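*Asks:* Here's the letter readout for the chains.
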Amino acid sequence: MAERFAVLPCNGLDKAVGPLAREIALAVVEACQGELVCPVLFNNLPARYTKALELPLIVIDGCGTRCATKLAGEHELKTARKLQVAEALKLMGESAGESLTPDAQRLALCRLLTERLLSAPEEGTALDSEAAFAEPVEYATVTHDKFIFRIPRQGYLFNENHCWARLAGNRARVGISDYMQQELGDLTFCELPEVGTEVGQFDAVGSVESVKAVSDIISPVSGRVVAVNPAVAETPEIINEDPYVHGWVAELELHDLESDRALLLEGEAYLALVRQKATDYRP
Amino acid sequence: MAESASSKVLVIPCSGIGKVHGLMAREATYRVVEGLEPETSDTLCLALLVKGDEEAVAAVRTRPCITIDGCPKLCSYKNVQLAGGNIAESVRVVDAFKGHKGAQPGTATELAGDGWTITDEIAQQIAARVRELCGGEEQ
Chain A
1 MAERFAVLPC NGLDKAVGPL AREIALAVVE ACQGELVCPV LFNNLPARYT KALELPLIVI
61 DGCGTRCATK LAGEHELKTA RKLQVAEALK LMGESAGESL TPDAQRLALC RLLTERLLSA
121 PEEGTALDSE AAFAEPVEYA TVTHDKFIFR IPRQGYLFNE NHCWARLAGN RARVGISDYM
181 QQELGDLTFC ELPEVGTEVG QFDAVGSVES VKAVSDIISP VSGRVVAVNP AVAETPEIIN
241 EDPYVHGWVA ELELHDLESD RALLLEGEAY LALVRQKATD YRP
Chain B
284 MAESASSKVL VIPCSGIGKV HGLMAREATY RVVEGLEPET SDTLCLALLV KGDEEAVAAV
344 RTRPCITIDG CPKLCSYKNV QLAGGNIAES VRVVDAFKGH KGAQPGTATE LAGDGWTITD
404 EIAQQIAARV RELCGGEEQ
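Chains as they are written, first to last, in my numbering: chain A, 1 to 283; chain B, 284 to 422.
Just so you know, these hints were derived from the structure itself, not from any lab.
None of the hints are false.
Keeping only pairs whose Cα atoms sit at most 25 Å apart, straight-line, the calculated DSS-like set for lysine-lysine is:
#	chain 1	residue 1	chain 2	residue 2
1	A	K277	A	K146
2	A	K70	B	K302
3	A	K51	B	K302
Since the model is a prediction, treat every value here as computed from it, not as a measurement.
Isolated chain B (complex conformation) (with noise of 0.2 Å):
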């Protein structure tokens, strides 16, 4: 059953620019938000988080939100929890390379075919984790 659009979990990830972690995170989200669970699932904009935007900071407190993070700064979950977000869970991208060992995802600006692998591993496990909040079977 399709939610609405107030209801949908949030995945946000990091401003995913200049690094391929973040843009495998950006990637994964993409997944996601628009292929794996767009009826379910959303994204927001990180910047318009961290810029106050009401409607934006309104959302992550009263929606589950999913954070990933390409490098370990974390930006999107220290930004979706200080500005009170309802954090369901957080993702970094280094920790899904641990059972890839030597993988080679490509550049800041383009994933190769290992980059594409992970990224895909990640969006299928927040994925299940969208489908777990939204009250179905998984995980």
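Next comes chain A alone, as it looks inside the complex (with noise of 0.2 Å):
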């Protein structure tokens, strides 16, 4: 049988999201024989759930407003899997629609992200990466004399710091440009942060260093780190050869990634900064 969970919910009503985290909810309990918490009810009675939150974890949040991780928050509960179903569908390409009934094509989305989310990894472990960070990635380029920047077109932010994010899920993983990689020249060290590692938008998640600088990795989301790619702190040089799949840093459970991304860039964003950039680029 699969691990069983306690699972907390936001109360999931008056938008059209809600009802579709109710419905994840409900099917992951059942799918696991695991415990619900009713969240109104914890709030008011806490102890009425001491014995269902021995189990692990796992908060669903319908809206940005984020409920029940703010209930979880205040309780000091430990989160073992999250999910926010908006930023999920967004992810997907979907939406909630607007009724607060579900229809047959938004309960087929619940069915999938309720696999997914029973089927999350242990913390420690990346996601597969065959799986949920292996779309092919297309790439815009900006030339400057011989030079050729490569930035991803979709699926991924950037801040100013010219480090990245990509997104798979309530999951990012980061790294650093192309553009800094070049910048920087030949790795030769990369630090990698500690697994557990809280991490706040625009806080160091590791540092890369080269004949040249030594730079932090500037982290464009906030979350806790899950997984860091011991492959790049073993031979650095793949972040120079592939900076974008094979040369990322670290994973992070995302915390807030709407309000994250209001001061990220997206990949057209991102390439009209590096072409301005490129004009002033002396390798």
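Mind assembling these two chains? They're in different frames, but the hints should get you there.
*Replies:* As structure tokens, this is what we get:
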């Protein structure tokens, strides 16, 4: 039988995404024979769930208000897995629709998200890179003299520190951009963060060193480090060769992507930034 | 006549998760705000209220509220009251069972025929109260 979980969903009521969170919560509980934690009753009578919360906890939020996450945080509950349905749907190119009553299409999406949630890996291991981060990357390029800088067109967010986050579900991998690796030159060292580290947006999530300089890797997103890429610590030149896919540094379980996103650049905007930077580029 | 969103009656069920009576409270709410009285009623997420969301607190204080609770813990009623809400009516799903001895409402995830019948009755009762609160001739 699947591992048992306690499931704390949000109330899931007055927005179309709320009932989807509820559907997923019920499906998870049924699939793993777990324990459902009613958020409002838990808020009023936490002792009612003392026994249930001995199980590893899944927190499910519908909208960006993240009531369930806030509730878990206030009661200092350790979260094993987390899902924010609105964000997950957005990443899938889907939406919750308008109705408070989910249609067949949305229920099918709920089943898919339920399966993903239950098959999420244990902390400390990366998501299956062949699945979650395996989508082929389509690049745009900026050319300056003999230098060519690649920028993924979709699926990545960038900060102005030339670091990226690649999104998959409620996780993201982070690394440095092609522009930054070329500016640094041949990398000789990559320092990884420790698994379990809490990282705020724009905190350092490791560093890279080349013959020219040492540079922090500034995380575009906030979250908890759930996996690192030991390959780049052993062989930093992987980052020079393939900065956007095999050159990832750390994988984060996201805390608040919607808020983080407001301060980040999509591929097109980052392309414009690199185009501007490239005119001043001195290797 | 359509009411503005700021004057709609708020129908607020308990969280309604994990128990069939809670599911009935939730479904009755949807019946009212989406089907029977979409122009004069709206719902509000109880979790927002218990987390102290300012807009939610202001809404329950300024608009008439109908609370619906599945179980006797009365989470909706108590939390709306605690927030200083203007409770015009408190509905308990268990009370609706009194006229349906031996009814089999279904499960926490799916209502059966009896469950839908009683849910519809609750929804009609609430819709009538909504109309009354909006100045209609009901009840």
